[in-house]
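**Student:** Protein chains in written order, with this note's numbering: chain A, 2 to 223; chain B, 2 to 223.
Derived by calculation from the structure, the hints in this document are not laboratory data.
Since the model is a prediction, treat every value here as computed from it, not as a measurement.
There may be inaccurate statements among the hints.
As the list makes no split between identical chains, a pair holds if one copy fits it or if it spans any two.
[Stated by the list, open to error] In the SDA-like style, the derived pairs of lysine to any residue whose C-alpha atoms are separated by at most 25 Å in a straight line are:
1. 72 with 129
2. 145 with 42
3. 96 with 35
4. 44 with 162
5. 134 with 188
6. 96 with 24
7. 44 with 201
8. 96 with 68
9. 160 with 186
10. 145 with 192
11. 74 with 191
12. 134 with 42
13. 163 with 144
14. 72 with 47
15. 81 with 31
16. 32 with 118
17. 44 with 147
18. 32 with 154
19. 44 with 130
20. 121 with 146
21. 163 with 29
22. 160 with 29
23. 72 with 187
24. 134 with 186
Number of protein chains: 2
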Amino acid sequence: MASASPAPPRVSRRRRAAPPPKTRFDRRLAKILTHATDVFYEKGYEGASMRDLSRASGMSLAGMYYYFESKEKLLYLIQKHTFTTIVERLRERLKDVTDPEQRIRVFILNHLEYFLANQKAMKVLSHEDDVLKNSFGTEIAAIKREYYRICMDLLDNLKRAKGLEFSSRIAVLSLFGMMNWIYTWYHPRVDADAGEMAEQMANIFLQGVCASGKAPKKRSAN
Amino acid sequence: MASASPAPPRVSRRRRAAPPPKTRFDRRLAKILTHATDVFYEKGYEGASMRDLSRASGMSLAGMYYYFESKEKLLYLIQKHTFTTIVERLRERLKDVTDPEQRIRVFILNHLEYFLANQKAMKVLSHEDDVLKNSFGTEIAAIKREYYRICMDLLDNLKRAKGLEFSSRIAVLSLFGMMNWIYTWYHPRVDADAGEMAEQMANIFLQGVCASGKAPKKRSAN
């Protein structure tokens, strides 16, 4: 694929993790969120009780209520932790990359790398997408909107750079679909790693939008 | 996009529904399945009780147990009805179409048309994908495998016809991702109808796999 910038660098696959939690409390919290993710993964949000969550995390039921108030709060914390981490890592990785296509490749790799390392979180986030209400829901919706917005901007940059025309909404949401659906079928033993996966999906997606957006012609039957 | 066959016909958007259920019992069953889909959609499979299901369908709880035995059986019937209908309609539609690209377009349109008309079923099927065990699970898995296999064959035909090389597994599952993710974002008032949606997704997907599969070259950084 021809690229606007000379010899764009291969997208680095080095994991640039967010700085690890610092205090003992942070580490404990991260662990409890992992256990809670497991429970929501197994039982679904509706099917999980605070008792299940306390049992899985090894915390007393009273302690669970004291620190987390409700399972809704736990789901909120899981979602917040996930999206904040993904957005932080993405911003860090995008710093050094200017080529519009490469930036989209970075986006795809960052997303797949996180979710293939956290497949249970991916299922929980997909399934319990619409559970949170009120201020919890509003806050998570804002982070997700920011994330969606970043992807939209990356795509708009590509469109400008290459003079393409297509529906950004359908394209972005098709891309999220390709990436997020992975939790239903990915098997580490059969399938390639996140880097290879990201490359193949990026190839389909980028060539797809580049080719189908190229001719600003009248809609044709084909 | 150049096509192998001369002037391939525009994919017909006429709805060719499966023959409607014939007996009074069939109609009653179809209605109960619709109500049950609503309940699973609202509460999730784990969160739904037979009592909820009986209330929604206006059938007594005793009748519910008598005719359907368990909520597992209901979920099984919903899944079976959905996949059987989709596969039947697809086979019917594919009969008249020979061009490999057009056949994939027919597949995409058939899938989106069904699921945009039955968005709740789409969510329920996605979320409760792994709930069914034993013979229920085995039977549904077989129908789904058949459906997946059809898509795989369509893609393999395209690869042969155009001399393309790419991973059919990643391509097919990316396509399912693009299409199925729709239930999380589709708004009939904002978004185009199934026909337009299918056309745009087919453009991205087909041009993507055609372009990225064209050069049987060594993997490059871009």
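**Student:** Does each hint fit the structure? Answer for all of them.
**Tutor:** A quick look at each hint next to the structure:
1. 72 with 129: Both: 12 Å inside a chain and 21 Å across chains, each within 25 Å.
2. 145 with 42: both (20 Å within a copy, 23 Å between copies)
3. 96 with 35: This pair counts as neither: shortest intra-copy Cα distance 29 Å, inter-copy 50 Å.
4. 44 with 162: Neither. Shortest intra-copy (46 Å) and inter-copy (46 Å) distances fail the 25 Å Cα cut-off.
5. 134 with 188: Between copies only: 20 Å across, 33 Å inside.
6. 96 with 24: Neither: 28 Å inside a chain and 64 Å across chains, both beyond 25 Å.
7. 44 with 201: Neither way: residue 44 and residue 201 sit 33 Å apart in one copy and 37 Å across, limit 25 Å.
8. 96 with 68: Intra 37 Å, inter 61 Å, cutoff 25 Å: neither.
9. 160 with 186: Between copies only: 23 Å across, 31 Å inside.
10. 145 with 192: between (28 Å within a copy, 20 Å between copies)
11. 74 with 191: neither (36 Å within a copy, 32 Å between copies)
12. 134 with 42: both (20 Å within a copy, 17 Å between copies)
13. 163 with 144: Intra 29 Å, inter 43 Å, cutoff 25 Å: neither.
14. 72 with 47: both (10 Å within a copy, 16 Å between copies)
15. 81 with 31: This pair counts as within: shortest intra-copy Cα distance 12 Å, inter-copy 40 Å.
16. 32 with 118: Within. Shortest intra-copy distance 15 Å satisfies the 25 Å Cα cut-off; inter-copy 42 Å does not.
17. 44 with 147: Neither way: residue 44 and residue 147 sit 30 Å apart in one copy and 29 Å across, limit 25 Å.
18. 32 with 154: Cα proximity of residue 32 and residue 154: none, with 34 Å in one copy and 45 Å across.
19. 44 with 130: Both: 15 Å inside a chain and 13 Å across chains, each within 25 Å.
20. 121 with 146: The answer is both: 22 Å in one copy and 24 Å across copies each meet 25 Å.
21. 163 with 29: For residue 163 and residue 29, neither the intra-copy (48 Å) nor the inter-copy (55 Å) Cα distance is at most 25 Å.
22. 160 with 29: Neither. Shortest intra-copy (45 Å) and inter-copy (51 Å) distances fail the 25 Å Cα cut-off.
23. 72 with 187: Neither, since 28 Å and 28 Å both go past 25 Å.
24. 134 with 186: between (30 Å within a copy, 18 Å between copies)
Checked against the numbered hints above, the structure violates hints 3, 4, 6, 7, 8, 11, 13, 17, 18, 21, 22 and 23; every other hint is satisfied.
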